[in-house]
Amino acid sequence: MRAALKLENDLHLNRRSFLRVSTAAAGGLLISLYLDLPATAQEGNQAPPPKVYPPDAFVHIKPDGKILITVNRLEFGQGVQTSLPMILADEMDADWSQVVAELAPAADVYKDPFFGIQMVGGSGSIAHSFQQYRELGAKTRTMLVAAAADRWHVTADQCRTEKSVVYGPGNQSARYAELANDAVRKPVPEKARLKNPSEFRLIGKRVPRLDSRAKCDGSQKFGLDLDLPGMKVAVVAHPPVFGGRVKSLDDKDARRLPGVRDVFEIPLVKGSGVAIVADKFWIAKQARDRLKVDWDLSGIEHADSSQLWTTYRELARTPGNVAVARGDDKAIDGIPAARRMVAEYEFPYLAHTPMEPLNTTVRFDGDRAEAWVPSQFQTMDQMAIAQVLGLKPEQVTFHTEFAGGGFGRRAVIDSHVQREAAVIAKRLRGTPVKLVWTREDDVRGGYYRPMHAHRVEIGIGADGMPAAWRHVIVGQSLVAGTPFAVMLIKNGVDQTTVEGTSDTSYNIPNFHVSAHNPTVNVPVLWWRSVGHTHNAFVMETLIDELATRARIDPIAYRRKLLKPEAKKLRAALDLVDEKSVAWRNNLPKGHAAGISCHESFDTAVACAVDVSIENKHPKIHRATVAVHCGLAVNPLTIESQFQGGVGFGITQLTGAITFKDGRVEQRNFDGYTPPYIVDAPVTVDVHIVPSTEAPTGCGEPPVPVISPAVVNALAKLTGKWYRTLPLVTI
Amino acid sequence: MWVNHRLLLPVFLLMLVMFVTCVALSTQAGKEIMDKTSAADLKLADGLGAWEQVYAVLTSPRCINCHTATTYPQQGDDRHRHFANVIRGPAGKGVPGLNCVSCHQSENADSTGVPGGPNWHLAPLSMRWQDTNDRPLSSGVVCRALVDRSRNNGLNAPGLLKHHEEEPLVLWAWNPGRRPDGTMRTLPPLTHAEFVAATRTWVDAGTPCPSAK
Amino acid sequence: MATFQLNVNGQSKQVNVDPSTPLLWVLREELKMTGTKYGCGISACGACTVHVDGIATRSCVVPVSLIGDRAIVTIEGIGQDPIGRAVQEAWIEKDVVQCGYCQSGQIMSAVALLKAKAKPTDTNIEESMGGNLCRCATYVRIREAIKSAAGQI
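Chains as they are written, first to last, in my numbering: chain A, 1 to 730; chain B, 1 to 213; chain C, 1 to 153.
With the rest of the complex left out, here is chain A (with noise of 0.2 Å):
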């Protein structure tokens, strides 16, 4: 019998700190940060208070059955408001044909129990809130019994419950709708008993998601859908280079269009744009067409991506801030010349591109607002639109709209689309507007994983293993200068520049990690799996090719480089070759294989791919991808995640954004890239390994582990490394 759910102890918080958020009295933000952990942390020392989570704010049963459970996160793909829901329902005993999803609004309660705020992102849906939606269904399970039990004057110990029915020791039963009233004025259990694994009904089994339908017949909205009477439709024009400012404007013929309500100058976070108001979304864009705007682009810097190259380089010829010393510097030095190598990376800026257009609706009353946001980052956003319109946060009713994906495109520290809308919306005042961005927008406007070089000297031993490491990465900082700053920059490193190296699971002796982290006028954001994009990709090419050099099989060079300790990443490794041997040991003619794995979000990946070459470009027949996240809450989810996830990751090979005398040179789809149907792999099995630890993220982990993968099988094909993105010539 497997070891009982060790859940508690088991939910490992790696080195984040909750980030307390609050605003000063003037209505300006103020963000406290300080260390905190988990009550039930090994350390247990000055531990807050459990948070208590009021189950009517999350569980609502109708007179008719229906249970409405409330999702404390965006639903933007990852399939959440299908998992939390079940993860409730389950310890509720619920009928699960019975449950309906809806998205939480902005508030206190919705907050992530770890990050503190309510957001999505950094794969934490399920690890940080599995706990917390048990409790919530296994505290309005004990109230509806104690409801019951009341009713038929027996003990609670006495009744049962399945599918939404309480069963007394007679003949008794009631229906949860019938008890729901009674039930919802007793006490909140303190502690509730939570189920074994052995009683779950729905948690590990593969339920198939609840938005489906809506999402195949053209009935689910999303927040550009918004529709709202009397509501009017806003585009902004922005400067051509990041900061850029309106230096005089002629928009006669923009005011000229019918339907064309307000055009006018607006503050950008950096700069000036020009708003413009019309009836519809169409005529905003084409009275934008027609506007004149002469800007001013003085004193700014103008990003080119070759200049750019150019520093990077050199910068990467340097040692930067340490963010990793074990070992002995010098020890490369010794090795002899032709047991040396130098590898050098770059890595373009990369756009997220979500399907849905960014977006944001906003009614200014005066005294209230009420927003509608696709949103990853609910707490920020609703602050900064409370900032803009001189309310406080709670003024300002925040709904959360289902997204057409994120990649956290949608989790924006200076939340700058919903500031342009709030801005807008006050001029405006009583009037809804839905501001929208169009795909042109979202390629130039910036907030791009930033590009990056690396250097990477290697001394290899006498055994072929890595025996000195000394790796410089340049990138630009995520976090700088944003409240951020404290928790992620440690001696002047960005983690999210490092991770994914500084925290390799490899056992390489004499191993440094320094980086630069230039400041550049391009706004930059967390692009999904963040630093382990790049870093990922440069750790396992490299492995990989250590591997060559020494004639040793990828698996079996990983396997002696990995640390005892890594016992998932161990796992999933094993799994992945269990589950490819077959076919890797029986590929056609022009196809190779290619072998990765990484962890990342506390989660392990390993990957193998069957890559030919066609017509140019690297061709994916299939992926075997192994996983280790803890217990899989639904395993059907886990399952797309990963099919999609290493689709997307494919984004690396093909996309790129760059700039020439600030400009971005690409404009929509036609010149920035991501891989359609032919890019991605044909076939993607998944194999989850099994496991009763505590569940960690499956969102970015499935990213870094295919492009390198890939690339290792066009080695074997070519002979070549590659170590520029994208893939331009093979």
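Watch out, some of these pointers could steer you wrong.
Said to hold, decoys possible - Computed, partial: chain A to chain B, Cβ under 10 Å: (1) 282; (2) 286; (3) 289; (4) 437; (5) 440; (6) 615; (7) 667; (8) 668; (9) 669; (10) 670; (11) 671; (12) 673; (13) 677; (14) 678.
Unchecked claim - Here are the computed lysine-lysine pairs in the DSS-like style, where the Cα-Cα straight-line distance is at most 27 Å: (15) 619(A) <-> 93(B); (16) 32(C) <-> 280(A); (17) 563(A) <-> 589(A); (18) 13(C) <-> 221(A); (19) 147(C) <-> 205(A); (20) 616(A) <-> 43(B); (21) 616(A) <-> 720(A); (22) 579(A) <-> 147(C); (23) 32(C) <-> 285(A); (24) 579(A) <-> 567(A); (25) 93(B) <-> 115(C); (26) 292(A) <-> 270(A).
Bear in mind the hints are in silico, worked out from the structure with no lab data behind them.
C-beta atoms are modelled at their ideal positions from N, C-alpha and C, and glycine is treated no differently.
Fit chains B and C to the given chain A structure using the hints.
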């Protein structure tokens, strides 16, 4: 002496007249022959020159982008591969779900930047003017392809002229509409009238092709 | 501004718009039919796919003035068609969707494929679906669902 001095002069005069006549006649004939040769040469030269003008139009982006040798059309003045994996399909009209007419309507859509014309489709592979590496074929190769009735849909020389004069998709090249960024697409190097005139000259010259491969 | 009589999902609808307005925005903002999505505006992603006289058409680039009396079918109406319904049910059964934003267009393109080819090969699927972008990369399950629907028709 057998030559009678009394016949010498008339014979001489006769021979002189004959000589002069012959010379005169031969000069005239030579001139006619020379005229005929010059005229023919000139017509040929004009025809070949006109062909080079036609070739310049055919290999300009607005025309050659749909006369590919590959499974895809091209777009833009830089003739890059058409975005979104648009492909030729079995009949040059795309594939179900992604036909040419999925986006290209019977006229240009200037408000959205999509070019259009009646029955928008790719020229068949028999009418390719590029190689499989997207490089334009030589003038001689294209010329011979154009006049090859087994490849050009059975058009004779007057048919070719009419095609250049009237075919709507040909005419489109001179009314190619706006790009998505609002700028107008560039036109072929000749006006349509000049293109038709050059075609006519070439046709009148017997559709000569340059002998170089 | 001009008045257009449109045939949408078998019903006659009248709209009064600028003739250059793309069909996409007529559907979404005049007829309040938001199932057809805006993803790029330049026909590069397929989120806006509808059927016009049975042909998959990218409504974001087609001005309403060029539609005429041709029959428009959108995601809201495709379920009335047996192949449309089979595709939607296959999509649900195979749990294809993630964020779902591209899926109206994916379904409309898949229906067009299946109407032309009852048993599409992998190559047919890749070619016909080749211009439909999904940032969640649900492509693996899209392939499975198309094959499943083909088996059901």
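Going through the hints against the structure:
no. : hint              : in the structure
1   : 282               : holds, 9 Å
2   : 286               : holds, 8 Å
3   : 289               : holds, 6 Å
4   : 437               : violated, 17 Å
5   : 440               : holds, 9 Å
6   : 615               : holds, 9 Å
7   : 667               : holds, 7 Å
8   : 668               : holds, 7 Å
9   : 669               : holds, 7 Å
10  : 670               : holds, 4 Å
11  : 671               : holds, 9 Å
12  : 673               : holds, 8 Å
13  : 677               : holds, 8 Å
14  : 678               : holds, 6 Å
15  : 619(A) <-> 93(B)  : holds, 25 Å
16  : 32(C) <-> 280(A)  : holds, 12 Å
17  : 563(A) <-> 589(A) : violated, 35 Å
18  : 13(C) <-> 221(A)  : holds, 22 Å
19  : 147(C) <-> 205(A) : holds, 25 Å
20  : 616(A) <-> 43(B)  : violated, 47 Å
21  : 616(A) <-> 720(A) : holds, 14 Å
22  : 579(A) <-> 147(C) : holds, 24 Å
23  : 32(C) <-> 285(A)  : holds, 18 Å
24  : 579(A) <-> 567(A) : holds, 18 Å
25  : 93(B) <-> 115(C)  : holds, 16 Å
26  : 292(A) <-> 270(A) : holds, 20 Å
Hint compliance for this structure: hints 4, 17 and 20 are broken, all remaining hints hold.
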